[in-house]
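Residues in the sequence shown are numbered consecutively from 1, following my numbering.
Since the hints were derived computationally from the structure, they do not count as laboratory data. As the structure is a prediction and not an experimental result, all values here were calculated from the model. For each residue, glycine too, the CB sits at the ideal point set by N, CA and C. Any given hint could turn out to be false.
As the list claims (entries may be wrong) - Okay, the calculated beta carbon distance ranges per label pair: (1) Arg186 with Leu291: 41 to 49 angstroms; (2) Asp188 with Leu291: 25 to 33 angstroms; (3) Leu291 with Ala84: 53 to 61 angstroms; (4) Tyr216 with Pro353: 50 to 58 angstroms; (5) Ser321 with Asp188: 22 to 30 angstroms.
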Amino acid sequence: MLSPDLLDRLRSLIGAAHVLTEADAIAPFAQDQRQIQQSHPVAVLKPGTVEEVAAIVTLARENALPLIPQGGNTGLVGGTVAVAGTGAILLNLSRLNRIRDLDAADYTVTVEAGCILAEIQQAASGADRYFPLSLGAEGSCMLGGNLSTNAGGILTLRYGNARDLVLGLEVVLPDGRVWNGLRRLRKDNTGYDLKHLFLGAEGTLGIITAATLKLYPKPRRVETALVGLDSPAAAVALLAQARSGTGDMLSAFELMPRFAIDGARELLGRDHDPLPTRCPWYVLLEVASGLDGTIVRDMLEGILGDALEQGLVMDAVLAESEDQRRRLWLIREGLPEIGRAVRGSVHTDVSVPISRIPDFLSTVMANLEAYMPGIRPYPFGHVGDGNIHCNVARPAAMATEDFKPHADAITAIIHEQVLAEGGSISAEHGIGNRKVAEMALAKDPVELDLMRQVKALLDPTGIMNPGKVLE
């Protein structure tokens, strides 16, 4: 427990209403997203300014108090879990939620870490601009968490991960100093690009409090298609043709197995199969352009027509309305819901080189079947950037409680093949505290040593999100 003196000092810094210590008040912030780990913070602090964050960090360093930054609490790898008995404090940044500046001429927006992602998208749209970071949790996740985990999402193929959308950062360092690096420059060749130390660091090197982000022209025309194929190899071939044929205007390219449709019918009660042909695999693809008119649709129809003639595609449908587009996306968005409804599944977030996706999936699915006959892998994801969520459901006849003890072995089978293909065990979710031990085995020893040296230099007392990313 925090001493009465420390509590009084914290209340004087940010106001008593924003220092939460009662169990009922803390509970909403202490729930792990996947309900795997219970979080046990001794307090939740809700600062409202960067100056208040800096004051808290200074006090924490003086008193060796572990600090865990938290945004919308939508993470999936235990990145904001406070371990019982450590005396950790959750630093919730939801009150840092201002859009400080939006410059349409510069194509930039400067926002605070507690801004909800969907609200940033809306602000950009209101200025006839576009912010392309898009995730399933965009209605509740916050920018600070997106940047701290280097979030990906469905548009990474065209716009890159979160780090690719950042021009500058404001960061509270572990010694309480504030680094103001909120530059709007596209070109600044003056030494080390320090922002990349903090992007993807999951709050272990400092606390991101604001960022200057890139904006893009607002799309005028979006065309969406669902394509049926016989294999992931056909999907990779179609990806190459679609990128070339659209002049690289392809913004989304999502691979799904038949389980996306059958599982939605059986487990979610959604009977929606847009294609008359039953296909083993599907791709949901989208092309976006700033051009009005039919040029984009004509282009996509030509690509799919050629692919059908080649036998690369089994069947395809293009959305004729915004409502039909939403219904097509609901198939893809339903996969995480299916994973929860199946009541017994293993979730992974991996990446391999795009060219290796077919061999990876073929090998890993055969290995899983050999390990447990009847197991139901349902890999899906952003095949356009090599990110596959290789998820696995229990055999239909196996009880959930009998399946759970196999989770580690199943994950190991998947990760072993990922590394054999030159891939990564975390593509967009981060490391948190769940993948720390695995990362220590998968990373190059020199790389790990450099990471530890950076951590020791910036955070010598180890108060910043301890136990995450590095052992």
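Hints the structure fails to honour: 1, 4 and 5
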